[in-house]
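Given only the sequences and the hints, what does the whole structure look like? Please build it.
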Amino acid sequence: MCGIVGYIGDKDCFPILIKGLQRLEYRGYDSAGVAVFDGTDAIQVKKKKGKVEHLLSFVGDEVPAGSMGIGHTRWATHGPPNDVNAHPHTARFDRLAIIHNGIIENYESLRTSLEANGHAFVSDTDTEVLIHLIDEV
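Going by the numbering used here, the sequence shown opens with residue 1299, and the numbers climb by one from there.
Since the hints were made in silico from the structure, they are not lab data. Watch out, some of these pointers could steer you wrong.
[Claimed, not checked] In silico lysine-lysine, DSSO-like type, Cα no more than 27 Å apart, as pairs: (1) K1346 x K1317; (2) K1309 x K1346; (3) K1349 x K1317; (4) K1349 x K1309; (5) K1347 x K1317.
This is the structure:
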C-alpha cells in the first residue's frame, strides 16, 4: 500500500512532506520520494529506495526549497523497488510531477504508443505513463 501527502502554503514544504510520510510508514512501502516546486520553472525531485530515513540521508544538506510539494511512499506493483521506480515521476521538461496509487492495466500499450511518439521512459512503472500522457496534451 502507498501513502500520498501534499502541501501548498507559506511554509517550507519539505519538512511537512517528510513528517506526513513518516506518519504513513505503518502502512508498509519499499521507497519514498518528494517533488518540491520552488517558484521557478523546475521541480526538484528527491526519491530513494527504502525507508523515509533513507530519503532523508540521501537528501542530506541539499534539502529542496519551496512552498508547494507532493510526497509518496510506494509499494511496488510494476517494476522492482529501486531509486528510479520510486515516485514522483516527471516527463520531458520536469515542469510537472505525478504520484499515483493503483494499477494501470493497459500501461504497456500506452507506453508503446507514447514511445512511438518520441517519449523516453526512465522507469519500469505504470505510473510514469500518466505523466507522459499529460505531457502529450
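Comparing the hints with the structure gives:
Restraint check: the Cα-Cα separation between K1346 and K1317 comes to about 16 Å, which is no more than 27 Å; the hinted pair holds. For the given pair, K1309 sits about 24 Å from K1346 by alpha-carbon distance, which is consistent with the 27 Å threshold. Taking the CA atoms of K1349 and K1317, the gap is near 13 Å; set against the 27 Å cutoff, the hint holds. In summary, the hint linking K1349 to K1309 is supported, as the alpha carbons are separated by about 24 Å, within the 27 Å threshold.
As the CA atoms of K1347 and K1317 are separated by approximately 18 Å, the hinted pair is consistent with the 27 Å bound.
Figure legend: structure checked against the earlier numbered hints; every hint is met.
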